[in-house]
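Asker: As a plain string of letters, each chain reads:
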Amino acid sequence: MPGQLLMKGNEVMAEAAVRAGCRFYSGYPITPQNEIPEYLSWRLPEVGGVFIQAESELAAINMVYGASAAGVRAMTSSSSPGISLKQEGISFLAGAELPAVVANVQRGGPGLGNISGSQQDYFQSTKGGGHGDYRLLAYAPFNHQELWDLTMTAFDKADEYRNPVMILTDGVLGQMMEPFVPTEYVPPGLPPKDWVLDGCRGRPPRVIKTLYLGEGELERQNLKLQKKYQRMKEAEVLYETYMVDDADLVIVAFGIAARVSLSAVRLLRRRGRRAGLFRPVTLFPFPEREIGDLAEAGRRFLVVELNLGQMVEDVLLAVNGASEVRLYGRCGGSMMTPEEVVDAAERMESLDTRRRVRVSLK
Amino acid sequence: MPQVFRRPDSLKEAPFRYCPGCGHSIVHRLIAECIDELGVRERTIGIAPVGCAVFAYDYFNFDVIECAHGRPPAVATALKRLMPDRLVFSYQGDGDLASIGLAEIIHAANRGENLSVIFINNATYGMTGGQMAPTTLEGQKTSTTPQGRDPSLHGHPLRVAEIMATLEGVSFVARTAVDGVRGVKECRRLIRRSFECQLSGKGFSMVEVLSPCPTDWGMTPVESLRWISNRMRSTFRTGIMKDRGVDDWRRG
Ligand SMILES: Cc1ncc(C[n+]2csc(CCOP(=O)(O)OP(=O)(O)O)c2C)c(N)n1
Ligand code: SF4
Chain A
1 MPGQLLMKGN
11 EVMAEAAVRA
21 GCRFYSGYPI
31 TPQNEIPEYL
41 SWRLPEVGGV
51 FIQAESELAA
61 INMVYGASAA
71 GVRAMTSSSS
81 PGISLKQEGI
91 SFLAGAELPA
101 VVANVQRGGP
111 GLGNISGSQQ
121 DYFQSTKGGG
131 HGDYRLLAYA
141 PFNHQELWDL
151 TMTAFDKADE
161 YRNPVMILTD
171 GVLGQMMEPF
181 VPTEYVPPGL
191 PPKDWVLDGC
201 RGRPPRVIKT
211 LYLGEGELER
221 QNLKLQKKYQ
231 RMKEAEVLYE
241 TYMVDDADLV
251 IVAFGIAARV
261 SLSAVRLLRR
271 RGRRAGLFRP
281 VTLFPFPERE
291 IGDLAEAGRR
301 FLVVELNLGQ
311 MVEDVLLAVN
321 GASEVRLYGR
331 CGGSMMTPEE
341 VVDAAERMES
351 LDTRRRVRVS
361 LK
Chain B
1 MPQVFRRPDS
11 LKEAPFRYCP
21 GCGHSIVHRL
31 IAECIDELGV
41 RERTIGIAPV
51 GCAVFAYDYF
61 NFDVIECAHG
71 RPPAVATALK
81 RLMPDRLVFS
91 YQGDGDLASI
101 GLAEIIHAAN
111 RGENLSVIFI
121 NNATYGMTGG
131 QMAPTTLEGQ
141 KTSTTPQGRD
151 PSLHGHPLRV
161 AEIMATLEGV
171 SFVARTAVDG
181 VRGVKECRRL
191 IRRSFECQLS
201 GKGFSMVEVL
211 SPCPTDWGMT
221 PVESLRWISN
231 RMRSTFRTGI
241 MKDRGVDDWR
251 RG
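Order-wise, the sequence lines are chains A and B. Position 140 of the first sequence, counted from 1, bears residue number 140 in the working numbering, the numbering being contiguous throughout. Position 168 of the second sequence, counted from 1, bears residue number 168 in the working numbering, the numbering being contiguous throughout.
No lab work stands behind these hints, which were simulated from the structure alone. Careful: at least some of the hints might be erroneous.
[Stated by the list, open to error] With a cut-off of at most 27 Å between alpha-carbon atoms, the simulated DSSO-like pairs for lysine-lysine come out as follows: (1) K209(A) with K193(A); (2) K209(A) with K233(A); (3) K185(B) with K193(A); (4) K202(B) with K185(B); (5) K227(A) with K193(A); (6) K209(A) with K185(B).
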């Protein structure tokens, strides 16, 4: 198709960030996300931005904290172990209400794990991750078009909510190449940043902080943050469905697992099974109402994810007992094939069990 | 009647709530005086550490950002790179700078970031109740070295200024002590020099200040000053370790 680009997923995010006005990046090398800092090391100076290879993930996230305080669109990226190190800084960003974009190109864990794609950081990305009661908007792109579009959206939403935004992808998407349309970035018309620290010329001095010691102060601050997360829940849910209307089996999957599941749904349909796909695009806020609306007796849910049962907990909450929910999980960098998902779906159909969650390992 | 003493513009009206005799109050005032003198209050951004001086944001009358323990040099790096014409300084204790944040300070210095760092060495962790710091003297009793710091178990006092002087990226580094009138005046001069170093684009500078913490040392304010003069100064030599000079930054 004319106008399409063919790039590695990591580079797609990097270029989309630049187009969305990102002018600061700091990161520390880790596979499988190295193409992001490598690309930005030459690309950012080209547009007058700043690239810094930090001495550690701790330094990287705190440089982003400083850049954001200066009012500049700022980003960092890493892969799972590095994202763990960044959690303190992400908590500070959330506490100080500073916008930033963090991309996690997930690899297998725990520990050093391995360097192939995984989805084992779902809990970390959607339930806070660091200390304190905070949330990140978390996007789960499933192809390069979404890597491009959602990276741009991430910067807008970070500024809109004054909150860090997570792009949760994985080593498979990050490393593979596929064509996409580099849609133009259209700035959304956000209010001016009247909280930036750039010297107090002509205005009273400003403070950016996360410490609240006064009686009741911290609770008030937390309640204010919670209102923001509530607004995200009301306005920011994104998801996609495929053939769910008449489906008696709904596969729920995100990111790379959703691509495999989409093929599986097509195979199942060819075999005459009424299968469909529900794909959350935002993991926080989670499309709980939309999944809840689908839940009814006679309809089953199969959660397919590259971990041993994380998103399935959110699906169970959304379904709230109205349907049977099962899990097909793979982990540690193993990837399921569409046929394996079909098998899992058919096993589910043939089993009559009262257990609602069944972890099927292979 | 002529006014001979007043609050610097760079300090808010708030009274210091540091302990009586604490060095943080003295050094805050010296910083504020230097910023007034240089006329840069409206383009200054200070970085407050985790430690007693986190409250710097309540006292300085210019923009201040508080950040995670030990990370002020990383935060300062980004602020300064993005706003090269602002005066950016970090203010850090010895737990913050010399322990948990050692990597950040060394690498910011080694990159030659054009920053000023005011490093308060009070030989202890003030805020958390007087535990051993990397700068705790040999034999010094703290709440985690009740028998005194034993180098065979706890290592030796870390001489940060000397380490910094070895780094190519560092333009100016000095150590002083606010243990008397002479020390206070010298400290003021060195802080001003560090700011001028930055304003004239010379790169990284740091002033280490031997500073009293009477509360956690279990001493009176006057005893604390004597302890700095008699004990700390022999472990931590004061003076200028490195100075690559400054230019007339107002013309530049
Ligand atoms: C990550 C983290 N670890 C530990 C602490 C607890 N803590 C607060 S202040 C401090 C040490 C402060 O000592 P220093 O930097 O010497 O400053 P002072 O209070 O003596 O001025 C520590 C360990 C913290 N806030 N964050
Ligand atoms: S505990 Fe020590 S460093 Fe902290 S305010 Fe008191 S005297 Fe100062």
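Asker: Now tell me, hint by hint, if it's right for this structure.
Answerer: Right, here's what the structure says about each hint:
{"no.": "1", "hint": "K209(A) with K193(A)", "verdict": "holds, 16 Å"}
{"no.": "2", "hint": "K209(A) with K233(A)", "verdict": "holds, 26 Å"}
{"no.": "3", "hint": "K185(B) with K193(A)", "verdict": "violated, 40 Å"}
{"no.": "4", "hint": "K202(B) with K185(B)", "verdict": "holds, 23 Å"}
{"no.": "5", "hint": "K227(A) with K193(A)", "verdict": "holds, 20 Å"}
{"no.": "6", "hint": "K209(A) with K185(B)", "verdict": "violated, 31 Å"}
Hint violations for this structure: numbers 3 and 6, all remaining hints satisfied.
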